[in-house]
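Chain by chain, the residues:
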Amino acid sequence: MVEAPPEEPRELNAEDAVRLELVSRTFRTKRGPIQALAGMSLHASPREVVAVVGPSGCGKTTLLELICGLQSPDSGTVRSAPAALMPQRDLLLPWLSAIDNAGLALRARGASREQARQAAAPWLERFGLERFERTRPAELSGGMRQRVSFLRTLLAGKPVLALDEPFAALDAITRQDMQGWLARVLESEPRTVILITHDVEEAVVLADRVVVMSPRPGHAIGEIDIHMPRPRKRTDPAVVELRERALAALGAES
Amino acid sequence: MRRVWRGIPAAILLLALIGAWELYVDLKGSTFSLILPPPHQVAKALYTDRSLLWSSFLVTAQEVLLGILVATALGAVLSVAIHFSPTLRRATYPLMVASQAVPVAVFAPALAFWLGFGILPKLVVVAVVSFFSIVVATTAGLAAVDPDLIKLMRTFDASRMRTFWHVELPSALPSVFTGAKIAVAVSVIGAVFAEYTGSNSGLGYVILVSQPQLLAARGVAATVILCVFAIALFGLLGLGERLALPWAYRPRGEIAT
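For the protein sequence lines, the chains are S and H, in the order given.
Each residue of the first sequence is one higher than the one before, counting from 1 in our numbering.
Each residue of the second sequence is one higher than the one before, counting from 1 in our numbering.
Keep in mind the hints are simulated off the structure, nothing from the lab.
Glycine residues also receive a C-beta, built at the ideal position from the N, C-alpha and C atoms.
One thing to keep in mind: the hints can contain errors.
Pair by pair, the computed Cβ-Cβ distance ranges are [what the hints assert, rightly or not]: (1) S:Thr-77 with H:Ala-144: 56 to 66 Å; (2) S:Arg-31 with H:Leu-36: 30 to 40 Å; (3) S:Ser-112 with H:Leu-74: 25 to 35 Å; (4) H:Ala-144 with S:Ala-220: 35 to 45 Å.
Modelling step: build the complete structure from the supplied sequences, incorporating the hints.
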């Protein structure tokens, strides 16, 4: 079992796992400053799955890095329980087997190879990867790599999971499989999840709440609560309707 | 079978060049062949002088192999130190670049004075000339680690040392091989020049003394062996890389590994 540490740190009250208030962030580049976020607010309750959708380049990745403590805001406040990142590309280490990749976060904190493997092995079995324990990433399929990558983030043992477009690089069929898979995993292993995606359908199928962001400089322009039992079918009229609402909030023609 | 077919263009080109060389020397006449011996004389020298060439080859090969080994070990250590200290990089890079421009002949006599006429001064020369490419390739490899991986390790609360140990060092290992492969050619030249100044054995010594003895074909034969040795060493390093780091190997044509 992965023990999530108690969800209390960094001046958060009991209802919040993540709370960003009026956060702004500007990057200096050679072609002048680029404002990624302007007045962005976001919150997530413990064990809530919040999807953030927005057009390309609206500062979604910056948002996750703020939550993970990899950056600091120029103004506004960021408070979050400890968060582990699942990057957009799987970024598995090519020289490590699946099991050693999955246990990387444990080794990062000083566990021995054996300890990390013992912790990871039951999870690989749960994720249907037990036959691939000793397989290197190059020989795994895209879906398997994302599962190993997700497991690596999960085994970091943080209460908040920051998922950056986790399935964007997969083909359509594998992506649907993986979305169903993630929904089942979160059912049995609930965490606070901030899910960045550009796929509105993915957001509606997986999340408790969808936050819609504006083009750069990004800020929240809409929020859709999704009170629907899981698993959700993407053909369900209610899902279709919510998807249309989210697309309308994004300003897309439906 | 396919590998054999892929070698055919190189073989045809080589044969054409050798043929042109033979023809050119024949047209120039027999005096010229004392300066540039035709291929058939070189082939003859390879055969008749085989025991001298073989024992000389063993001397030079030892110098080159040990020299590259020393340079790789020291180069890897310095690269890691440079990776952690930009100040050290700024301090050492100009000197390393300068060391590449210094002709071996300038400091070889001093080396012979300090270290004698044995293998030691040759090792130093080979190590100095190959050091640079190994350090440049390795530091580049260490610096080229995906910044997103470093960020990922930070969200896993990894210390600087653990990030280095688990992520940066393994990703840079293929670059060490790349540096050693680039070093092969210069290290062979380095060994030859080191033998020019202060030795009585090795292929460089054979080349040096064959000219005044009017045995030009023997000198060229020694050169041919050096060339084949460089190719073999390059291929050997490629093979070693494939065995040691199978995850990093992507087929990329034959010799251009």
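Should the hint that Arg-31 (chain S) and Leu-36 (chain H) are 30 to 40 Å apart at their CB atoms be regarded as holding?
-> 58 Å, violated
Does the Cβ-Cβ separation between Ala-144 (chain H) and Ala-220 (chain S) fall within 35 to 45 Å?
-> With Cβ atoms ~37 Å apart, the hint holds.
Ser-112 (chain S) versus Leu-74 (chain H) beta-carbon gap, inside 25 to 35 Å or not = 31 Å, holds
Taking the CB of Thr-77 (chain S) and the CB of Ala-144 (chain H), does the distance hold inside 56 to 66 Å?
-> Given range 56 to 66 Å: violated, Cβ gap about 36 Å.
Comparing the model with each numbered hint stated earlier shows that hints 1 and 2 do not hold.
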